[in-house]
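Colleague: Top to bottom, those sequences are chains A and B. Sequential numbering of the first sequence, starting at 0, is according to numbering that gives the first Met the number 0. Sequential numbering of the second sequence, starting at 0, is according to numbering that gives the first Met the number 0.
Keep in mind that the hints were calculated from the coordinates and are not lab data.
Covered stretches of chain B (in silico footprint by chain A; criterion: 3 or more residues with CB under 8 Å from a CB of chain A, positions within the stretch not fixed):
#	segment
1	19-33
2	39-47
3	219-233
Don't be surprised by glycine CBs; every beta carbon is placed ideally from N, CA and C.
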Amino acid sequence: MSRSIVPEAISRQPWQMLIPLCCLVSLGAAVLYSAAGGSLQPYALSHVVRFGIFLVMAVIISRLSRNLFRLAAYPVYGGIVVLLVLVELIGAVGGGSQRWLNLGFMTLQPSELMKPAIVLVLARFYETLPQAMTASWRGLVPAGLLIGLPALFVMIQPDLGTALAICFGGAVTMFLAGLPLWWFVSAGAAVMVIAPVSFFTLLHGYQRNRVLTFLDPESDPLGTGYHITQSKIAIGSGGIFGKGFGNGTQSHLQYLPEPHTDFVFATMSEEWGLMGGLFVLFVFAVVLGWGMNVARRAPDRFSSLLAAGMTATMFFYVMINLMMVMGLAPVVGIPLPFMSHGGTSMLTNMICLGTIMAVHRWSQGRGSLR
Amino acid sequence: MKIDFRRWLRPPHVTTGTLRNSFDRRTVVLGTIQGGVGALLAARMTYLSVFENEKYKLEAESNRVNLSLIPPRRGWILDRHGQPLASNRADFRVDVVPEQMKDAERTIAELGRLLSLSPVDLQDLQDKLDKAHGFAPVEVATGLDLERFSAVSVRLPDLPGVVTQRGFSRFYPTGPSVGHLIGYVGAASAEEYEKDHDPVLITPGYKVGKDALEKIFEKDLRGSPGARRVEVTASGRIVRNLDTREDVPGKTIKLTIDAGIQDFAARRIGLESAAVVVMDCRNGDVLAMASMPSYDPNSFSDGIGRLEWKMLSEDDHVPLRNKVLRGLYPPGSTVKPMVALAFMEAGLDPDESVFCGGGLRVGNRVFHCWNRRGHGSVNMAKGIYQSCDVYFYHFAQRIGMDPIAAMAWRLGLGHEFELPVVGQSYGTVPDPAWKLRKYGKEWQTFDTVNATIGQGYFLVNPLQQAVQASRLASGKIIMPRLLHGAGDRPAASLGIPQDHLAYIHQAMSDVANGPGSAPNSKLPFPNIKLAGKTGTAQVVGLNIGSGKGGLWKHRDHGHFICFAPFDNPVYACSVVVEHGGGSGAAYPIARDVLTYVFDRQKGMDILTELEKNWGGTAKERLDTRYRAYSAQYGAGAPAVAPEALQQASGSQEPRQPIVSDAQSPAPEPDAAPGIPRADAPPAPASTSTPSGTPGANAQ
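Extracted from the complex, chain A is given alone in its bound form:
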């Protein structure tokens, strides 16, 4: 395609990533159409519309300057922490746990926004940190606090999945920032020790059940093991080419819990089979591979950390969700990016995507707004 015909603003977009992504969203819409019993309402149409809106938002984000990102890092982070506290307060007043704020026109889940925000703030932190201090405690403790504070608030909501996502995004950013390797090794070892202890002390009953069920789903096929078992049945019964569009029985007869959100991949696999599943994995490989490439080619430390952290955050969604539906991880409420129906997760992922696209633009060197 020639630049003289296609406007530059369009031609310089990363189409090698966007086209597969659009295919994935279309597949997602098709699955949601089927999950709604062959109807655009209530899932498929809003899914596509949201994607459209958030894509525009991502493009706008990608147009923002690097300096704006730098300047906004701490205020955005601080604002979201305040929102998290607010959620806790409202929850305490209202009685019971609450994860979202009702803004009137939409419900906002601040913990979701924290996922890209933690990456942003850490990228900013390590950019400003004198390089010689990277390997000292001053490279570790502030970053640890930046991660720990929101993670703690999310944890007491309680929302284990999101807390883990925040920690994961933060930890990957720290890892890439060049902190000594043995810190991570010893932290990993410490987790190995603490995990069993916290399993019996920190986790809530239902979370503990989910872990136990994950370890032995058949022990309680009608109770908490039900979700995993039914999901595996849906995926396994699909075979290589699936049962055909609209023919999934597990989803249509409500054996599959949450067929349009957390278990959308199982719904898809039942009807599209292994081929559909490999296609989804392929698209994610393209998108995430592109994200890592952008990070590697980024012009400076801030943008490379930013792009890599955002990619890692998206990767975490994909990994945990797919492992969960295939019975490799406990049931945690994490949706599959670009396929699950749900505004907040789409928003988060599109923020991540937009940020990577921004880094992509910066590294192309044509960004005049720096």
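Since chain A is already given, all that's left is putting chain B on it; use the hints.
Modeller: Below, chain B alone, put in the same frame as chain A:
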């Protein structure tokens, strides 16, 4: 990634370059991990959908498809003309499967409200639930109207474990009349399921035969269940029918019973505790086999409620015992034609007479004739039609017991017949060898004397008496049979000379139509004559009661055996009325039953008139009684022990003591005048009676 161990020992030297370098290396590591996870997921996905595909396909199918058995329609039981004695009728029913109920108490309460069950119903339901195995369905209600049925149906998603069904339930058109003959059905008990692991047994709505023919022919009547495959959602809502395999109804069983005669006989018994058997004496077809009072098999099929149990078990007329097969009675004078045949065979000239002065000294005791005034000169015919005891006392001593016992056997007494029934009590035909075996005592002359008038050790059941009447009438070895179309092999002859039989027939005809003991047993037809023999059997010694009045339990049993038409026998009939006070209670029943057999309208007119005074048909009286019990006891009746029913219906021994002991007879009061019976002339009872104590008579 190359690991430099020295870096770990000294503070690392960090510059922009080293950071950039480590970033590049670490992104590669991260990318590799991501790729690894992706490969892992792809492998896992392939494993699930390719290698475990078959397993999960099956599981998805078993999720989706719900297979439910349709209980087979039970085979009908028909009478000889094809009229149903037991059929099925379509109904709406509700069952619960205990182990599937989430909150049993709430579910039951909700069902009670929706179906408007009474406290008694709820209590019976609770009893059934307590006894039930978790997987076996328990019946809540049957025969529901559409309104109540749908009220439950629409709430099914909120009531796990509740099953609603359109099905068929067993129906016995004549109710109590066929109770003992046909039996009843009920949900399979845990023991029955242990024995027979047919899954249809635990299908909601399936009933197994619990008694009599229903039990004997269970396998034939069962049929094979149909199946319905439906697609269901996770919450159990049925989305659509996939396919249905119709059930195969059980085989139809055709009986020799005539439904009309059976029902008439049962109803004609009225308020008495009695048994009636009607047979075709040409081929042995049992036309009616009624034992009353009875239970209503229709109301037993949902299990036996406490109140029902209390009502039936407290009745001294033992409605739970089939008296035709399990009732044993001393036959009284009904054995006299048989004894007379034995005399003739032994060479006694029937014209040889004896003088009856009202009693006969045997050994050191005097045995009385029922008629204390005596019969004067008595030959064999008069001995039968007047039922003179002295005639038989006299000649029995000459002939001896053994020819008499042999004749009793030949005529069917003491036999257990090959019939599809759950139990027969076959009684006793006493003879010297038997007494020695049983009691280790020598046979005495007075034992013979007692036996010739059907007292002492003699015990028979009403079926044997009907067979005896049939054989007397036909002179052939008639075997009773219940299954229709078993083949018409002509019965072999008994080998009794025709002139002997003719003599006996004439004497028995004279009982009713001549100068006999039961002139009122005459049939109301000019051209059809009945030949019969009366009998009265003592229940207690006369030192306790007279046998005619007083306590019901102390009254004599009434017997009548007969056949008709006397000159060309077709029908034989036996009637036993427990504690009827003498044969006067029995022969009107036999007369009316045979009247009905020959002229249904005429018979029915008589019955309608009688039932007006009795308070309706047997079914109506049973219902009235249940209502009275319900009002009196409500839910306060004690629970039914599981084995109690088995004991009650299966008890071999009659409850009342049978007088089989010659040591304690008592004088027979003069029966001729003065017995105040509305429908009968004086009972010509015949019981041996040395007056007072043996010691007193020895003089």
